[in-house]
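Visitor: If you want the building blocks of each chain, they are given just below.
Number of protein chains: 4
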Amino acid sequence: MEPIIIRYIEKPELKNPVLVEGLPGVGNVGKIAAEYLKDNLDAKLMVEIFSKYLPPQVLMKGDGTMYLVRNQLWYYKNDESEHDLIILVGDYQGMSSEGQYELSYKVLEIVKEFGVNLIFTLGGYGTGQLADKPRVFGAATNMELVEEMKKYDVYFSETEPSGGIVGAAGLLLGLGKELFRMEGVCLMGETSGYFTDPRSAYYVLEKVRKYFNLSINMEELEFQSNEIGEITNQLKEEENKVEKKDDLGYIG
Amino acid sequence: MEPIIIRYIEKPELKNPVLVEGLPGVGNVGKIAAEYLKDNLDAKLMVEIFSKYLPPQVLMKGDGTMYLVRNQLWYYKNDESEHDLIILVGDYQGMSSEGQYELSYKVLEIVKEFGVNLIFTLGGYGTGQLADKPRVFGAATNMELVEEMKKYDVYFSETEPSGGIVGAAGLLLGLGKELFRMEGVCLMGETSGYFTDPRSAYYVLEKVRKYFNLSINMEELEFQSNEIGEITNQLKEEENKVEKKDDLGYIG
Amino acid sequence: MEPIIIRYIEKPELKNPVLVEGLPGVGNVGKIAAEYLKDNLDAKLMVEIFSKYLPPQVLMKGDGTMYLVRNQLWYYKNDESEHDLIILVGDYQGMSSEGQYELSYKVLEIVKEFGVNLIFTLGGYGTGQLADKPRVFGAATNMELVEEMKKYDVYFSETEPSGGIVGAAGLLLGLGKELFRMEGVCLMGETSGYFTDPRSAYYVLEKVRKYFNLSINMEELEFQSNEIGEITNQLKEEENKVEKKDDLGYIG
Amino acid sequence: MEPIIIRYIEKPELKNPVLVEGLPGVGNVGKIAAEYLKDNLDAKLMVEIFSKYLPPQVLMKGDGTMYLVRNQLWYYKNDESEHDLIILVGDYQGMSSEGQYELSYKVLEIVKEFGVNLIFTLGGYGTGQLADKPRVFGAATNMELVEEMKKYDVYFSETEPSGGIVGAAGLLLGLGKELFRMEGVCLMGETSGYFTDPRSAYYVLEKVRKYFNLSINMEELEFQSNEIGEITNQLKEEENKVEKKDDLGYIG
Numbered sequence: 001m002e003p004i005i006i007r008y009i010e011k012p013e014l015k016n017p018v019l020v021e022g023l024p025g026v027g028n029v030g031k032i033a034a035e036y037l038k039d040n041l042d043a044k045l046m047v048e049i050f051s052k053y054l055p056p057q058v059l060m061k062g063d064g065t066m067y068l069v070r071n072q073l074w075y076y077k078n079d080e081s082e083h084d085l086i087i088l089v090g091d092y093q094g095m096s097s098e099g100q101y102e103l104s105y106k107v108l109e110i111v112k113e114f115g116v117n118l119i120f121t122l123g124g125y126g127t128g129q130l131a132d133k134p135r136v137f138g139a140a141t142n143m144e145l146v147e148e149m150k151k152y153d154v155y156f157s158e159t160e161p162s163g164g165i166v167g168a169a170g171l172l173l174g175l176g177k178e179l180f181r182m183e184g185v186c187l188m189g190e191t192s193g194y195f196t197d198p199r200s201a202y203y204v205l206e207k208v209r210k211y212f213n214l215s216i217n218m219e220e221l222e223f224q225s226n227e228i229g230e231i232t233n234q235l236k237e238e239e240n241k242v243e244k245k246d247d248l249g250y251i252g
Numbered sequence: 001m002e003p004i005i006i007r008y009i010e011k012p013e014l015k016n017p018v019l020v021e022g023l024p025g026v027g028n029v030g031k032i033a034a035e036y037l038k039d040n041l042d043a044k045l046m047v048e049i050f051s052k053y054l055p056p057q058v059l060m061k062g063d064g065t066m067y068l069v070r071n072q073l074w075y076y077k078n079d080e081s082e083h084d085l086i087i088l089v090g091d092y093q094g095m096s097s098e099g100q101y102e103l104s105y106k107v108l109e110i111v112k113e114f115g116v117n118l119i120f121t122l123g124g125y126g127t128g129q130l131a132d133k134p135r136v137f138g139a140a141t142n143m144e145l146v147e148e149m150k151k152y153d154v155y156f157s158e159t160e161p162s163g164g165i166v167g168a169a170g171l172l173l174g175l176g177k178e179l180f181r182m183e184g185v186c187l188m189g190e191t192s193g194y195f196t197d198p199r200s201a202y203y204v205l206e207k208v209r210k211y212f213n214l215s216i217n218m219e220e221l222e223f224q225s226n227e228i229g230e231i232t233n234q235l236k237e238e239e240n241k242v243e244k245k246d247d248l249g250y251i252g
Numbered sequence: 001m002e003p004i005i006i007r008y009i010e011k012p013e014l015k016n017p018v019l020v021e022g023l024p025g026v027g028n029v030g031k032i033a034a035e036y037l038k039d040n041l042d043a044k045l046m047v048e049i050f051s052k053y054l055p056p057q058v059l060m061k062g063d064g065t066m067y068l069v070r071n072q073l074w075y076y077k078n079d080e081s082e083h084d085l086i087i088l089v090g091d092y093q094g095m096s097s098e099g100q101y102e103l104s105y106k107v108l109e110i111v112k113e114f115g116v117n118l119i120f121t122l123g124g125y126g127t128g129q130l131a132d133k134p135r136v137f138g139a140a141t142n143m144e145l146v147e148e149m150k151k152y153d154v155y156f157s158e159t160e161p162s163g164g165i166v167g168a169a170g171l172l173l174g175l176g177k178e179l180f181r182m183e184g185v186c187l188m189g190e191t192s193g194y195f196t197d198p199r200s201a202y203y204v205l206e207k208v209r210k211y212f213n214l215s216i217n218m219e220e221l222e223f224q225s226n227e228i229g230e231i232t233n234q235l236k237e238e239e240n241k242v243e244k245k246d247d248l249g250y251i252g
Numbered sequence: 001m002e003p004i005i006i007r008y009i010e011k012p013e014l015k016n017p018v019l020v021e022g023l024p025g026v027g028n029v030g031k032i033a034a035e036y037l038k039d040n041l042d043a044k045l046m047v048e049i050f051s052k053y054l055p056p057q058v059l060m061k062g063d064g065t066m067y068l069v070r071n072q073l074w075y076y077k078n079d080e081s082e083h084d085l086i087i088l089v090g091d092y093q094g095m096s097s098e099g100q101y102e103l104s105y106k107v108l109e110i111v112k113e114f115g116v117n118l119i120f121t122l123g124g125y126g127t128g129q130l131a132d133k134p135r136v137f138g139a140a141t142n143m144e145l146v147e148e149m150k151k152y153d154v155y156f157s158e159t160e161p162s163g164g165i166v167g168a169a170g171l172l173l174g175l176g177k178e179l180f181r182m183e184g185v186c187l188m189g190e191t192s193g194y195f196t197d198p199r200s201a202y203y204v205l206e207k208v209r210k211y212f213n214l215s216i217n218m219e220e221l222e223f224q225s226n227e228i229g230e231i232t233n234q235l236k237e238e239e240n241k242v243e244k245k246d247d248l249g250y251i252g
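Residue numbers (the working numbering), protein chains in the order written: chain A, 1 to 252; chain B, 1 to 252; chain C, 1 to 252; chain D, 1 to 252.
Bear in mind the hints are in silico, worked out from the structure with no lab data behind them.
Bear in mind the structure is a predicted one, so any value in this text is a computation, not a measurement.
Take the hints with a grain of salt, since some may be wrong.
The list cannot tell twin chains apart, which means a pair is met if one copy fits it or any two copies do.
[What the hints assert, rightly or not] List of simulated lysine to aspartate or glutamate pairs, EDC-like, C-alpha gap at most 20 Å: (1) Lys151 / Asp63; (2) Lys44 / Glu160; (3) Lys15 / Glu238; (4) Lys210 / Asp39; (5) Lys106 / Glu2; (6) Lys112 / Glu13; (7) Lys15 / Glu80.
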């Protein structure tokens, strides 16, 4: 079989499109953000990607039917910005590192056809800690984009993420820059990494919404985000109680 | 070497054949069911499949001779139904996930030649518990098949199997649907997952027998099934005793 | 690079040659036997095999120089038998199961050119126990060879080796039989599996020597074998003492 | 995508060039030495290598920008020796053993074009112990080079490194010798293996500097080396104290 099988559903004319990626990863931050984006913008399916680099698996739809795991490209014509969007979502990333290269390269080949020169990849940055308000870390392919994203309160650190960025979120930018003359940004929402984190996804998606002037209704994601916020506050209060008790213990 | 080597033993004319798959997996439910089917119907060998995606291994026959591990297709002309059968059995599934894709794809290519449009894959659904009477779970490629299988008391759950279906039983259906215009059903016999389970295989094969109106003598498999049933009852009784003791302990 | 790189040193005319394989494995029984055979017969190097399926490694020669890991074919013209020999030795087997298939297939392609129709693979059969006198287990590609090898006191079991034969020793026979019309025997020397076992190799090589009427001087291997035998006896005596003590303990 | 993507920055005319390799490994000895060499000689970038055999990863530059992981070749025209240099550095070695073969083979193909016949690979030799003054172990492709390197106090052992040399440092020499008619030496600096070791790198690079009569300013690496030396001395003193205490304990 072809290692990667591409099925075009539609080949739309797109205006200076930007690729926005959100595949499964730390806290599923990128996946939540990108799928919310696609659903809320009522984006249209344009490409389906099947591959032996994905797990050998079907998933259940809940009505007794199943579907083969896949990645997908959806497009959205954005009248309020100079950029249309192509959104990459999927059930899984490639299972092997070679498979990740192959899949990212193929996606870049496809979106190049549609005129993509700019990429936003979305992900989580696992800190192992509960944050009051998650920051959004950035990494870009050039200094102009770094400076531009700083205006949107994206946080660029000298030292973080210290291990670089692994998987599609890094590879699309790295391969895009080196082999396809694309530039781009990775936006990483701070997250504990212990659970699926729609709050972190909310803060990440807010940057994307503002940057591309998108008419997204953020209400539902904000609601989920607030829920996570409340749980986080409760957890932090309990942590504090435990610590205070411990402190008293030492004093008494 | 060719990654997958196909040897045709016979190229029979088949009437609207359905592929029935049963390869090793949880409780070996699918393998037991498919091999019982093939043996009892006195099916004929049509294709042998060797592959570097299978383990690098020969198995012993018991008389001092050995054979290279393989998958096989057997056919059965079924005069009492509109469907002839092609039965896929084998010593192993592919070892890597890429190998599983390649092997499933190749099987689909082969059976397409013979006119297969419908696939039944057989497997086990490991619950970690001893069931009084194993249910048969289903998953299908379309709603018509879901409804049809419900008539045969196949159980479709909104949530199970929660992790989807991994391996050939899922992949043949997923790839078959997306790339070969085939439809199909996966039948999964409830099983503890702790041992080889001919009882679960019995209940799975009963669905297949009835659906395709097959003249299988189920006696031997029923006998093995009853043995497992008795062992299960004994184990459950002992569990109950232990629990009752524990209960008394709390009271006393 | 070519996945497997073949370098012919010499292309001798061989008389009805048999392939004798001994690569690293359980107790290194096969490797010890095959290398002793090659050295003692003063066999000639005919083919070197390099491959990315072998470990990415060089080994030291002891004089400060190194060499790339490889497999090799050596030949021996045997005037006292109808069979010349091709002996397969090497530093490693393939690292992945796909690599093992590729390497075995390539070796079979090469030796087919020289007219090989019969294969003897040599290995160890790990029992986890110290044997007084190691038996030599057999597995063959047909019943005639089973019967023939029984005359040489090769032991064929209904149940052993229960897991079949993994790696080159099995694969050369399995692929040879299915794809190259070759027949063959695997000879497995009983060994504890805890250490390199020249004694087991001695008993295995004795079968080969007698079968092909080879003028090998077995003295040195017999000497090493006797050393292992003495160590084994000491270990068994100590085991017995411990057991007797335990027995007395129960009585007293 | 091409498994390995080569980008030529420049194709210089080089005089009898030698390949000097230093990729990540034990104590990062080779990497530190080769990168110090390249930086200090103000070498020029000639080739960039991207590959799916490297990790699917981008690394941070510290200013908010990122870059795709890669290997690189740099050249240096050496007026004070008969040999110009090509220096191989990189973020990672290949992730799989097959990838290591492919990458080493490709590098050899490239440098062959520029006339390389001699290779120096640099690495660490992990002993698990803190050495007063790290020795530099050697392994060469022929006896002449062994003898020549002995003049530079390179230490050749009959038994070490007992496991051979794994990875690019071994493979470039092994493949170079067998398939590209190149000769070469591996220089391995003794190192504990517990931390990044610029001291070991210093001693390794000193051999290279002297052999090729290179005008390298070793000051900075010597400074780092001395720091490691002091830390090592402190650690050893503490070890001694602990041991003495223990000794006294037994006496008292």
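Visitor: Look at each hint and say if it fits the structure.
Guide: Results for each hint:
Taking the shortest alpha-carbon separations for Lys151 and Asp63, only the inter-copy value of 16 Å comes in at or below 20 Å, while the best intra-copy value is 46 Å. Taking identical chains as interchangeable, the C-alpha atoms of Lys44 and Glu160 are never at most 20 Å apart, the minima being 35 Å within one chain and 29 Å between chains. Taking the shortest Cα distances, Lys15 and Glu238 never come within 20 Å of each other, neither inside one copy (51 Å) nor across copies (68 Å). Taking the closest pair of Cα atoms, Lys210 and Asp39 come within 20 Å of each other only inside a single copy of the chain (17 Å); across copies the shortest separation is 43 Å, beyond that limit.
Taking the shortest alpha-carbon separations for Lys106 and Glu2, both the intra-copy value of 12 Å and the inter-copy value of 11 Å come in at or below 20 Å. When the C-alpha separation of Lys112 and Glu13 is checked against a cutoff of 20 Å, the pair qualifies only within one copy, where the shortest distance is 13 Å, while the shortest distance between copies is 36 Å. In this assembly of identical chains, the alpha carbons of Lys15 and Glu80 lie at most 20 Å apart only when taken from the same copy (12 Å versus 58 Å across copies).
Taken one by one, the earlier hints fail for this structure at numbers 2, 3, listed in ascending order.
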